Amino acid sequence: MRELMSVAKNLRDRPEVEEVVVNFTSARVTVVVDPAYVENLLRDALEKAKSSYEEFGPLKELGESELEDGTFELTLSVERGRFRDLESLARKRGDEIVGLEIGNGELKAKILLRSASVESAVKPLMEELKKLKFIVEFAGAELEISKSAVFAPPPVSLGSKVAGGQTLLSVPLKYRAYLDLCMELGNHYLSTI
Amino acid sequence: MLLKIVEAIKGIAPVTKVSRDPEDPELFIVTVRFPREEITYMKEVLQKSYGDAESRYGSISEGGMDEEGVDAWIYVEGDLNSLDDLVERVRRSEDVLGTLELKGDRFGALIYPKGSLSAFAVHMAYLISKVLPPEVKTFPLIGYELTKECIEISVYVSTAEECSPEHEHVHEHGHEHEHENEHEEVVP
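These protein sequence lines map, in sequence, to chains A and B. The first sequence begins at 1 in the numbering used here and counts up one residue at a time. The second sequence begins at 194 in the numbering used here and counts up one residue at a time.
The set of hints was computed from the structure by calculation and includes no laboratory data. Check each hint, because a few of them may be wrong.
30 Å max Cα-Cα, derived DSSO-like pairs, lysine-lysine [as the list claims (entries may be wrong)]:
no.	chain 1	residue 1	chain 2	residue 2
1	B	Lys-323	A	Lys-131
2	A	Lys-131	B	Lys-296
3	B	Lys-296	A	Lys-123
4	B	Lys-203	A	Lys-147
5	B	Lys-197	A	Lys-147
6	B	Lys-236	B	Lys-323
7	A	Lys-147	A	Lys-123
With the Cβ distance kept under 10 Å, some of the chain A side facing chain B (calculated, not the full set) [stated by the list, open to error]:
no.	residue
8	Ala-8
9	Lys-9
10	Val-21
11	Val-22
12	Asn-23
13	Ala-27
14	Phe-138
15	Gly-140
16	Asp-180
17	Leu-181
18	Met-183
Note that the coordinates shown come from a computational prediction; the quantities given were computed from them, not determined experimentally. For every residue, glycine included, the Cβ atom is placed at its ideal position computed from N, Cα and C.
Sequences are here, hints too, so could you generate the full structure?
Right, here's the structure in full:
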């Protein structure tokens, strides 16, 4: 149990972690990510992305929309001759051109900003979780981490606030990462039951 | 493998059914049934255990017992510095720690007192894990149901090398059951 405490406390001390919930009977460790932290990272990433793409000369149109999974899309117009440069930049940034419209001497490109997504904001945390390996004693049994971390963001909208008045019992349904546990065989506690 | 699982668990209690997870062929839900008479003894233990909870844990924030008086839960909050002490008390008293929440410098712990149906079901899930072949991984309790005749306890087992239940169920004091998509395979 001390090992779990230590893991849970270390996780809780991370700046992006709001709460750590260990549910022994459903064998799941849930890490609740602070929505404000994620949203700040997203805003920064979005601003950086805009500056990068603005370098492509006169942007005749710059739009943004937030998709259900928290990823942003930019729509911008570039001179046709500069499309290869734009494509190269998008690839370099880890973004993806998902739509093209050909106009009079110019192209309208829709870019999915994977660099400004929730997934990318929580990537360091997920990498950390994937490294975890611990066994915890539970009601005479031992539970071990059985699989790597899963991030499951429900649909979100930027600027929304987590509902107030929550107790420790009700976990906010915002950004959550999960670690599943399973029972270890062959431990030595059976005789105590 | 399915038969091996059923045979192994039969030594503990009659297996009511084994259901296969439709999305994962290596994942099964094993349900065992106990006669209702088991509860008479549990009730006596629980009444004392629940009554003594406050003295065991200093003070409890919340607590409750079901209508029949067979299941109970208590919720204890405190400073993180006192968490190790709480865990030690849970262990010594044979209660079961259901959920542990860490937020800031505080913790919240949901505890099933000794003698409660939830605690009984957790121990049973553990016993099931002990009798299964070593290649079968077990996950703790996924639910229980109290009927007029019996107590049914369900446990996930997996024959996958890397066990991954991918379960979406949520336990709240051990009462929720969300297994709508199960495909029943064995009813001995």
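Structure-based check of each hint:
With a C-alpha separation of about 28 Å, the suggested pair Lys-323 of chain B and Lys-131 of chain A falls inside the 30 Å cut-off, and the hint holds. For the hint pairing Lys-131 of chain A with Lys-296 of chain B, the CA-to-CA distance comes to about 22 Å; that is within 30 Å, so the pair holds. Among the hinted pairs, Lys-296 of chain B with Lys-123 of chain A is consistent with the structure: their alpha-carbon atoms are about 21 Å apart, no more than 30 Å. Between Lys-203 of chain B and Lys-147 of chain A the alpha-carbon distance is near 29 Å, which keeps this suggested pair within the 30 Å criterion.
Of the pairs offered as hints, the one joining Lys-197 of chain B and Lys-147 of chain A holds, with about 25 Å between alpha carbons and a cut-off of 30 Å not exceeded. For the hint pairing Lys-236 of chain B with Lys-323 of chain B, the CA-to-CA distance comes to about 26 Å; that is within 30 Å, so the pair holds. A hinted pair counts as satisfied when its Cα atoms are at most 30 Å apart, and Lys-147 of chain A with Lys-123 of chain A qualifies at roughly 17 Å. For the restraint placing Ala-8 of chain A at the interface with chain B, the shortest Cβ-Cβ distance is roughly 5 Å, inside the 10 Å limit, so the hint holds.
Checking Lys-9 of chain A against chain B: minimum C-beta separation of about 7 Å stays under 10 Å; hint holds. With its C-beta approaching chain B no nearer than about 5 Å, Val-21 of chain A sits inside the 10 Å limit, and its interface hint holds. With its C-beta approaching chain B no nearer than about 4 Å, Val-22 of chain A sits inside the 10 Å limit, and its interface hint holds. Residue-level restraint check for Asn-23 of chain A holds (minimum Cβ-Cβ distance to chain B is 5 Å; threshold 10 Å).
With a cut of 10 Å, the hint placing Ala-27 of chain A at the interface with chain B holds, because the nearest CB-to-CB distance is about 5 Å. With a least beta-carbon distance of about 7 Å to chain B, the hint placing Phe-138 of chain A at the interface is held under the 10 Å criterion. Contact between Gly-140 of chain A and chain B, as hinted, is supported at the beta carbon level, the nearest pair being about 6 Å apart and thus within 10 Å. Look at Asp-180 of chain A: its Cβ gets to within about 6 Å of chain B, closer than 10 Å, so that hint holds up.
Residue-level restraint check for Leu-181 of chain A holds (minimum Cβ-Cβ distance to chain B is 7 Å; threshold 10 Å). With its C-beta approaching chain B no nearer than about 4 Å, Met-183 of chain A sits inside the 10 Å limit, and its interface hint holds.
Every hint, counting from the list given before, is met by this structure.
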